[in-house]
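S.K.: All chains, please: the whole structure from these sequences, using the hints.
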Amino acid sequence: MNKSTSQRLPPLKRNWWLKHRFFKLYMLREATVLPLVFFILCFLAGMVALLQGAESWQGWIAFMGSPIVLLLNLLALAASLFHAATFFVLFPRVMPLRIAGHSLPDKAIVAGQWAGVVAVALLFFWLLGRGGV
Amino acid sequence: MSTEQISTNVISTQSASTKHISVKRYLPDNSTETYWQEYDLPVDDSTSLLDALNHIKEQLDSTLSYRWSCRMAICGSCGVMVNGIPKLGCKTFLRDYEGDIRIEPLAHFPVQRDLVVDMEIFLEHLAAVKPYLIDDNPVKPYDPNAPETYQQTPEQLERYKQFANCINCGLCYSACPQFGLNPEFLGPAALTLAHRYNLDSRDNGKKQRMAELNRHDGVWSCTFVGFCSKVCPKHVDPAAAVNQGKVEAAKHTLIALFKG
Ligand code: SF4
Ligand code: FES
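Read top to bottom, the protein sequences are chains A and B. 0 is the number of the first residue of the first sequence in numbering that gives the first Met the number 0; add one for each residue after it. 0 is the number of the first residue of the second sequence in numbering that gives the first Met the number 0; add one for each residue after it.
Check before you lean on any hint, since a few could be wrong.
Capping the alpha-carbon separation at 30 Å, the derived lysine-lysine pairs in BS3-like fashion look like this [unchecked claim]:
hint : chain 1 : residue 1 : chain 2 : residue 2
1    : B       : Lys245    : A       : Lys23
2    : A       : Lys18     : B       : Lys160
3    : A       : Lys106    : B       : Lys245
4    : B       : Lys160    : A       : Lys106
5    : A       : Lys23     : B       : Lys229
6    : A       : Lys18     : B       : Lys250
7    : A       : Lys18     : B       : Lys18
8    : B       : Lys129    : A       : Lys23
9    : B       : Lys245    : A       : Lys18
10   : A       : Lys106    : B       : Lys18
11   : B       : Lys250    : A       : Lys106
12   : B       : Lys233    : A       : Lys18
13   : A       : Lys12     : B       : Lys229
14   : B       : Lys245    : B       : Lys160
15   : B       : Lys250    : A       : Lys12
16   : B       : Lys160    : A       : Lys12
Counterexamples of contact, computed for chain A against chain B with all Cβ distances above 10 Å [claimed, not checked]:
hint : residue
17   : Trp16
18   : Leu49
19   : Gln51
20   : Glu54
21   : Trp56
22   : Ala107
23   : Val117
24   : Val119
No wet-lab data here; the hints were simulated from the structure. Computed from a predicted structure; not experimentally measured. Every residue, glycine too, gets a C-beta built ideally from N, C-alpha and C.
M.R.: Have a look at this one:
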């Protein structure tokens, strides 16, 4: 088959995703990466501050406590939860799990992933609590 | 088919109401410009969009061009955009629409005339993934007196069955922005069909298909927008198939890496 014979349309314009609600939601899902990048930068700065010594660590703590940074990190938390919610529903469609020849119901896989999130969060709080004592 | 309503009607003359639809016209013999044409139609509860187009063609305006054949969501030829969303004309009912009903040819394909698009590129992409059983190493040479049948258990069938329901209507290509941005992207239905054969226990062609799948214009152009699966009239879930294909392609790359 000769590929050059069939016609091609010019590519879509950059604003293609504004045409439909479904595409806007998709772009929102993709955009959750932006506040997450901010969180990662904060986190890396914290690591660097920790290495530099007590003074810069205190500076970093103060920076993290400022309302705008708190707000942005809350936004990052919300964004990552939203992303997780959309991703968890997609997961069983991409990786259908089979046990003994039977496929697991999608709902069970989604619930399992949320259970994982809760477990990790609990572990984290427990470690944090121990560190405080 | 039993639970799904299909288009069978000639619109009766004493129908309940009238609806207004706009159709995007393109008649290259007269002009290179497209234009909107309005029609008022008698409709009842069972009037499908295809019934409506047939009514226009037969009663109001014989110059209108569109494709159809089976009128029961099997042949896949009657796809159009309804208010910007790809739909099968025979599976779309006017009772579900209030207000504006705007009919356009399928998006992302070159238009030939009115609602008729050129689907050649879609067919090329389908052919590229070798969508048929490939068996390079038959167990035994074929013996016409005692032909070996390919046996398959219900469990083995279940693995790919959903992906085998595709009717090649192309709605998913009109829904896919990545195909709209890059027509060389093999696209949802072709990648799904490739995955369907890769999952088939009777097939041995996965290696050959991987060459097409595991490249930029193959599975890796997909960003899981997921609209293809929303519009698919046969619940094939092409987005799932394409993304399962990514997992397979990644495995393929890794294995090739270790084999050196
Ligand atoms: S996957 Fe669905 S939407 Fe795409 S061509 Fe097949 S039947 Fe049509
Ligand atoms: S006419 Fe065959 S699918 Fe609609």
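S.K.: Which of the numbered hints above does this structure break?
M.R.: 2, 6, 8, 10, 15, 16, 17
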